[in-house]
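**Q** So the protein lines, in turn, are chains A and B. Per the working numbering, the first sequence starts with residue 1, numbered consecutively. Per the working numbering, the second sequence starts with residue 1, numbered consecutively.
Fair warning: there could be bad hints in the mix.
To be verified - Derived DEER-like restraints, expressed as beta-carbon distance ranges:
1) Gly338(B) - Ser359(A): 26 to 36 Å
2) Pro321(A) - Ser352(B): 36 to 46 Å
3) Glu138(B) - Asp350(A): 49 to 59 Å
4) Asp385(A) - Gly338(B): 27 to 37 Å
5) Glu214(A) - Pro9(B): 33 to 43 Å
6) Asp328(B) - Thr71(A): 54 to 64 Å
7) Gln283(A) - Asp44(B): 22 to 32 Å
8) Pro321(A) - Gly338(B): 30 to 40 Å
9) Asp350(A) - Gly338(B): 46 to 56 Å
10) Asp141(B) - Glu284(A): 19 to 29 Å
In case anyone wonders, no lab produced these hints; they're calculated from the structure. All values derive from a computational prediction rather than experimental measurement. Every residue, glycine too, gets a C-beta built ideally from N, C-alpha and C.
Protein chains: 2
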Amino acid sequence: MLFSRNTIPVDTELGVTAPQGFRAAGVSAGIKSAGKDVAVVVNDGPEVVSAHVLTQNRVFAAPVQWMKETTGSNYRAVILNSGGANAATGERGYRDSVETAQFVATKLGVEPAEVAVCSTGLIGELLPMGKIRAGAEEAIDLLSRDGGGDAALAIMTTDTRPKQAGIAGEYSIGSMVKGAGMLAPGMATMLCVITTDAVLTQAQAQRALDIAVEYSFNRIDSDGAMSTNDTVILMASGASGVEPADFTENLTAVAQSLARQLIGDAEGASHDVLIRVSGASSQEAGLAVARAISRSNLLKTAIFGNDPNWGRVIAQAGTVPADVAPFDPDALDVWFNGVPVCRSGGVGDDRSLVDLGSSRDVTIEIDLHAGQEVVELWTNDLTHDYVHENSAYST
Amino acid sequence: MLFSRNTIPVDTELGVTAPQGFRAAGVSAGIKSAGKDVAVVVNDGPEVVSAHVLTQNRVFAAPVQWMKETTGSNYRAVILNSGGANAATGERGYRDSVETAQFVATKLGVEPAEVAVCSTGLIGELLPMGKIRAGAEEAIDLLSRDGGGDAALAIMTTDTRPKQAGIAGEYSIGSMVKGAGMLAPGMATMLCVITTDAVLTQAQAQRALDIAVEYSFNRIDSDGAMSTNDTVILMASGASGVEPADFTENLTAVAQSLARQLIGDAEGASHDVLIRVSGASSQEAGLAVARAISRSNLLKTAIFGNDPNWGRVIAQAGTVPADVAPFDPDALDVWFNGVPVCRSGGVGDDRSLVDLGSSRDVTIEIDLHAGQEVVELWTNDLTHDYVHENSAYST
């Protein structure tokens, strides 16, 4: 399930309406100052199966609370808005999320508990409910079999482009995701809807989603932040009639494409950095080392400066406790873009052999020589543009 | 032992030669491109007691290895160099640290194990031993009772100013510290020498130092990095003849002054931020929440932009597991510079009431309403200058 070993072809033109049985729309309701900001995705069946993964943040938004109080296993529709996260908005915010679900349910003739609600944007501001209702009404009226692209546009915040991924075949998968900051473990400030016309039981759907999320969204870490609103929803219509044997692999490939697109559009980044930890004693050990490396502002600024600063790599590895990730510091090898700049914990080949300036993609590999496990994690560099975007975001 | 409640007056003009029984010198040996780069501090007694605290990083530098192999309890001298960390330099690097201690020991007529060695600068490069020897020789020849200031200059790297702190009285304490990046838990890229003419047993010295470090250097976190070289050394000469009852309190006050100076000179920072977590169920819980808040690049860039983004504060608190820091997310209160911008997990007073632009100092307080413990941690903002300095450091 490593990013670099995934050879399943994914089509980034296939959105949530690519699979049979789904309609979607995205409209401008005036919640953001410009652009589309309300999306609706509907599963027309014949089957209604869903699964979700929600933020692990203890401070979670009102729509997340609503979804925690539903089963999450039978969503017929999702309504999403950008322009406001409806987080830290108290009882009133929660009532707004419930009312949004009720409004959509009434319009579609389903139960409120069959409607998922997702919000993204600033924390601490109430949603303009008049605009939400008007946008929901307009979006539902516009639902169509080719509305996936508009829906993907409507969930963008600081994203510079919409993000979709899918696989077409005997059965199909389509998806959309948003998120460009706060990409982190236990997921990102990210809203993601994945649709499929495969025939799945709810247990199959949840298990496949858990695995796919673990090896995709939980393997990117842009800035160590974890959002209050993160949501991934999978909906299955069964419209293809196919009971697939390879659904988890294909779903993971789609989710990895989305995760890779998120990193590629992370706020202000100028390099995408694949951290590969090999020779780990366990997946947990490798992941702990990868996360420690990905969280070093010193390393991330060095990469911005095209500097293969391997000293900062091994210094970060050294911060992981030995009981979490056993390794001998004098055995560490580090490669930047294939050049072995650190051998056995000391100086390796000349760092001037490393070219970080010609390509956006950088691969840092560290071999712990402590086992056989390999972990990959995508992150990015820390740039002036990151500082600029995030110092000005709420003003 | 909170920073804000420490009322012991500390004099930032008092360096390592302020106490009786110490000589020091700092010289230019040409290791750095400009400025002094080798310092020596000697304890002339009558007593020779010392204690040290070393980096917790598993990847530690050659001089740290040397000090781990000495007892650390009877240092008569410390030699420090800037311009090279002697980290990730293998067997050869270790032999260089040993040889440095031997050279100084021979010149002073003491045992090599009585000489501490500290290095700071780039990782992965061998020290120019000819220059180290010449610098050590010159510094030893120049040792004097007023050499503390020169020694403080000689240990600077990206520091913009030397940092000293002391207390004069029946007995005295003096000190110097360097470090401006990689300030972090389990200490900073920091070399610190503290001297005193108090009469202390080795056990008293070590215990006082452990407490002082915990409430000072371990309560600052600039960028989450932990260095390979961090060292704090305390040396006691007993020359005052005083056996103090208040040594730990005074030592902590001195160490807090040094820690505060480190944050005030952190690379590229434009705001110094005191994070106060009150209402914590335990010190550990409060510290975990404080560290989570201090590590948010999103919050730190917001503060650079004079934006009291309390949503990012509570979102970071929410990433701390409930078994580490129990609290009710709906009970959280947050103040920026005294303005209650978040009440009971939701919107409080208007954020426009907060002025972050007029002063470098910012206080963020979060009340967890889960107990009586209070923890304070200093950090700073994330700025364009930080990105600039750290993307260009090794080039």
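**Q** Checking each numbered hint in turn, tell me which of them this model violates, lowest number first.
**A** Of the numbered hints given earlier, those the structure breaks are 1, 3, 5, 6, 7, 10, listed in rising order.
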